[in-house]
Amino acid sequence: MPITQLSYDMAHLIGATVLMAGFQLLYQRRLFAVLNTFAFQALALAAAAAWQAHIQNAPHLYVTAAIALLFKAMIVPVALHWLVEKLGIHRTVETAMSIGWTMMAGVALVALSILLVLPVTANAAALTRESLALAMSVVLLGLLMMITRRNAVSQVVGFMALENGLILAAVSAKGMPLVVEISIAFSVLVAMTLFGIFFFRIRERFDTLDLSDLETYRGDRQ
Amino acid sequence: MNAAVWQLVQVFLVVAISPLITGWVRFVKSRLNGRAGASPFQPYRDTYRLLQKEAVVAHSASWVFRAAPYVTFTAVWLAAAIIPTFTTDMVLAPAADLIALVALLGVARFWTALAGMDVGTSFGGLGASREMMIASLAEPAMLMVTFSLSLISGTTAPAQIIAFILGGGVGIEVSMGLALAALVMVAIAENGRIPIDNPATHLELTMVHEAMVLEYSGRHLALMEGAGMVRLTLYMALIGAIFVPWGVAAPGGSVVEAMIGLAAFLAKSFVLATALGVFETMIAKMRVFRYADFLGGALLLGLLATIFLYVSEAV
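The listed protein sequences derive, respectively, from chains A and B. If you count by my numbering, then the first sequence holds residues 1 to 222, one letter each, in order. If you count by my numbering, then the second sequence holds residues 1 to 315, one letter each, in order.
In case anyone wonders, no lab produced these hints; they're calculated from the structure. A hint or two may mislead.
[Said to hold, decoys possible] Covered stretches of chain A, as calculated for chain B (at least 3 residues, CB under 8 Å):
1. 96-106
2. 110-122
[What the hints assert, rightly or not] A few chain A residues facing chain B, derived, Cβ under 10 Å:
3. Asp9
4. Leu13
5. Phe23
6. Tyr27
7. His81
8. Glu130
Note that the Cβ used here is the ideal one computed from N, Cα and C, for glycine as well.
Can you build the whole structure from these sequences, using the hints too?
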């Protein structure tokens, strides 16, 4: 299929859906809603990868899409659901900042990523710029989520959302080898397993997953 | 000549159809709730009944209370009349402007809030204060949507925006998607639908719009409720006309084209009304203190729509 304006527009629209899901993650107040939104974001990511595979004529990107669909939209959310239920975590998310301020910081980060992307890609086509700006915004929103949430589970979701942004950047750029994406996907899966074990250990010891309660145990704060 | 005829059709169409649309939303909701529900034509009967009844006015009410229904209804009616729903060939099309539209709706809201406070009951004041809070949050978002639309098409007149989009001036644009999402959120807030306000409730703690019109009866109440129905139709027509403009007839088109536009407008309105009914059934009303988050989200979406225009070089 020849790459037309329409196919780029579709790619950007799907990319924007991923970004919107990133904003929704910041807006959610309940753990299960956070997990569902994350699953939706991964679904949008899979659609983005599949669409890129279609317009770039790159079959290996279908594998990326399948990985995103299987692992991130299904296995990871289901596993985290199970963990949350198993651990009996308090399901309201504690935020470090109010939701309104977090959203505003999010828009500022999107503006920042656009300001960053514009000079770097001065020679690139406007079409690449837009995808790169979108992917970078998703990454920064994931970081913001990790900063503004006190609960370990939502911090992990922030980490995974950040990684979704990386994949989005990778599929938008032409010629990213498949092995890189597969290794990223598996490292995330391993990371999630490790996080799961850590959740159990933290809770066993401190009876909570609220990380601010752990700060009193830090050596530098006597 | 045609332009004048179409304008007249539009003026009466929006009023004629709006009770049906409101009735349809209620019908869809009651069916989804497992109730038989009143016929979609029930709002016509309600309006007729209210018009027959005597209007009772409180002793403490001033002329503001009596004038407000007429001013509110006229402002909303005028706002609805200038939206090119089925053809852009209308006499008032050059005067139609999204910013003027926001201003007209602002006038209607201002008078409703004044009337709410005029009688001096606590509910009226409470409703008015909440309505103003919602308005102060929703209006910036609405203007942000207007800005991004005008940056894309180079105009704030709906008729020209429609002509621009129909002329293939804009593809599938990220900004358009974001602006649509923001406009839908604003529309929900402005019309007092769930999750912002529950149009079916008379529960003290949750009502906003109903609290302001609580003292009205008879023809005054009919006008106030009519204004609400026309406002709902207006927002549906606006969303349908700008984001799904296909079917809208252009100036110089034949009568057949205008008829197709009319059918398309009716179809779009019913799809949107059904969607609203389904959405309202699925969602719960949110706390008053969360309005700021919801409408702040709409504002931020509008802002993002504008920001992304600069990346995609659509400007």
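- Query: Honestly, which of those hints from before does the structure not fit?
  - Reply: The structure breaks only hint 7.
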